[in-house]
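One point on numbering: in the UniProt record's numbering, the residue at position 144 of the sequence shown is 144, and numbering is uninterrupted.
Simulated from the structure, these hints should not be mistaken for lab results.
In this text the structure is predicted, and so the values were computed from the model without any measurement.
Take the hints with a grain of salt, since some may be wrong.
Distance windows between CB atoms, simulated [to be verified]:
{"hint": "1", "residue 1": "188", "residue 2": "228", "range": "35 to 41 Å"}
{"hint": "2", "residue 1": "269", "residue 2": "76", "range": "32 to 38 Å"}
{"hint": "3", "residue 1": "205", "residue 2": "181", "range": "32 to 38 Å"}
Where is the CB? At the ideal position from N, CA and C, for every residue including glycine.
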Amino acid sequence: MADTDVMDGVREFGRPRAEGSAVIVTGGSRGLGRATTLRLAAQGCDLAVCGRDAASLKAVAEEVRALHGRVLRTERLDVLDESALAAFVRDSAAELGRVDGLVTVAGGVHGTDLRATEPSDWDRTCRLNVTHPAIALREAAGPLAETGGSAVLVSSVSGWKPAPPAQYAAAKAAQIHLAASLARELGPRGVRVNCVSPGSMLIEGKGWARLRDEDPEGYRRFEQEFPGGRLVDPRDVAEVIAFLLSGPARAVNGANIPVDGGQNAPSAYGY
Numbered sequence: 001m002a003d004t005d006v007m008d009g010v011r012e013f014g015r016p017r018a019e020g021s022a023v024i025v026t027g028g029s030r031g032l033g034r035a036t037t038l039r040l041a042a043q044g045c046d047l048a049v050c051g052r053d054a055a056s057l058k059a060v061a062e063e064v065r066a067l068h069g070r071v072l073r074t075e076r077l078d079v080l081d082e083s084a085l086a087a088f089v090r091d092s093a094a095e096l097g098r099v100d101g102l103v104t105v106a107g108g109v110h111g112t113d114l115r116a117t118e119p120s121d122w123d124r125t126c127r128l129n130v131t132h133p134a135i136a137l138r139e140a141a142g143p144l145a146e147t148g149g150s151a152v153l154v155s156s157v158s159g160w161k162p163a164p165p166a167q168y169a170a171a172k173a174a175q176i177h178l179a180a181s182l183a184r185e186l187g188p189r190g191v192r193v194n195c196v197s198p199g200s201m202l203i204e205g206k207g208w209a210r211l212r213d214e215d216p217e218g219y220r221r222f223e224q225e226f227p228g229g230r231l232v233d234p235r236d237v238a239e240v241i242a243f244l245l246s247g248p249a250r251a252v253n254g255a256n257i258p259v260d261g262g263q264n265a266p267s268a269y270g271y
């Protein structure tokens, strides 16, 4: 989150600016999205957050206001509704008055293994992970250019360490390339674009937490894929996202940053 400054006669983007900055987060009410929302609110950002679940949106909004006293605009929507997504970004920019950062956390997969997938599974998975961040950034690019802001697209360890299901891995790999390509396109306007690729995160109620509870031995074996002996904490990923949005990261552009704890196999089921 940054203003544009001039140093030694050079127009410089990405100067530190946290308090009073405004960030838009898709999928920002649960899991990594929630951790990111809370991390940014803690450093003084106002936020606009969308998600599919009204209850979790309400909960994170109440938490942000109670703990940090920040403005939090929420909207219930599915990012597969591209027109609603575009309107959310535009309306959020207007209501917040500026946009210093965009984080696209929403993602996912449709379908299972290759033999069981339909063309619609590939299409929906691509739209979730590639089309959705592209549209969000298309709408945010103008406001970000005004502030010298930046975007962070959330990919996955599966985007660069091959693992099934193939439609998810392919979409996440495409997302990494999308960030690099858009960094080159938007860089002349002062907008940085980067990716983070989280490893397998331990989030209560999600798949790896269920594995831990239902198959403790299988979970312990999976922990051995991490040199540190534990899965990734979403709060650690949120720290990297916050850094990439910040002024000190102004020379980081078009990068894919793995935040996977050195994870080997990208799932509990091997390569």
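Confirm or reject the claim that residue 269 and residue 76 have a C-beta distance inside 32 to 38 Å. holds, 34 Å
Residue 205 and residue 181, beta-carbon distance inside 32 to 38 Å? holds, 35 Å
Evaluate the given range 35 to 41 Å for the C-beta pair formed by residue 188 and residue 228. Since residue 188 and residue 228 have Cβ atoms about 40 Å apart, the given range 35 to 41 Å holds.
Going down the numbered hints, you'll see the structure goes against none, and every one checks out.
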